[in-house]
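Working from the sequences, and respecting the hints, build out all of it.
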Amino acid sequence: MQKPATVAPPQNAAGYWGSGWIKIGVGLLVVGAAPLLLIIVTAAVGLWPDPNPNPIGPGLLFFFTFWPAIFCIIMGVTRVRRAQRDSL
Numbered sequence: 681m682q683k684p685a686t687v688a689p690p691q692n693a694a695g696y697w698g699s700g701w702i703k704i705g706v707g708l709l710v711v712g713a714a715p716l717l718l719i720i721v722t723a724a725v726g727l728w729p730d731p732n733p734n735p736i737g738p739g740l741l742f743f744f745t746f747w748p749a750i751f752c753i754i755m756g757v758t759r760v761r762r763a764q765r766d767s768l
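Under this note's numbering, the letters of the sequence shown match residues 681 to 768, in that order.
Quick caveat, the hints were computed from the structure, so don't treat them as lab data.
Mixed in with the good hints there might be a few duds.
Each pair of labels, with its calculated beta carbon distance range [said to hold, decoys possible]:
#, residue 1, residue 2, range
1, V710, I736, 15 to 23 Å
2, N734, D766, 48 to 56 Å
3, D766, P731, 51 to 59 Å
Virtual Cβ for every residue (Gly too), placed ideally from N, Cα, C.
As structure tokens, this is what we get:
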């Protein structure tokens with residue numbers, strides 16, 4: 681009886697950062713989340729002119745970039761692990 685193949689994840693993140701899917705996914709995540717997080721943090725600290733902002737634009741940007749970013753990251757991880765498995 682044959683044992684199921686197990687794939688060990690890369691020992692460091694460099695194996696994952698070589699994937700374009702992961703780079704695009706993280707880039708989308710940063711571009712989509714940074715404006716919203718900036719407004720939230722500056723309002724909490726008191727640097728934003730309105731203490732209770734309603735950031736519709738940055739919220740929509742985050743909404744439309746979050747799931748594609750997660751999809752790209754999952755595709756990148758899957759492809760890296762599949763490539764590792766095939767190289768064994």
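Here is how each hint holds up against the structure:
1. V710 with I736: 15 to 23 Å: With Cβ atoms ~20 Å apart, the hint holds.
2. N734 with D766: 48 to 56 Å: Distance hint for N734, D766 holds at roughly 49 Å.
3. D766 with P731: 51 to 59 Å: Since D766 and P731 have Cβ atoms about 55 Å apart, the given range 51 to 59 Å holds.
Figure legend: structure checked against the earlier numbered hints; every hint is met.
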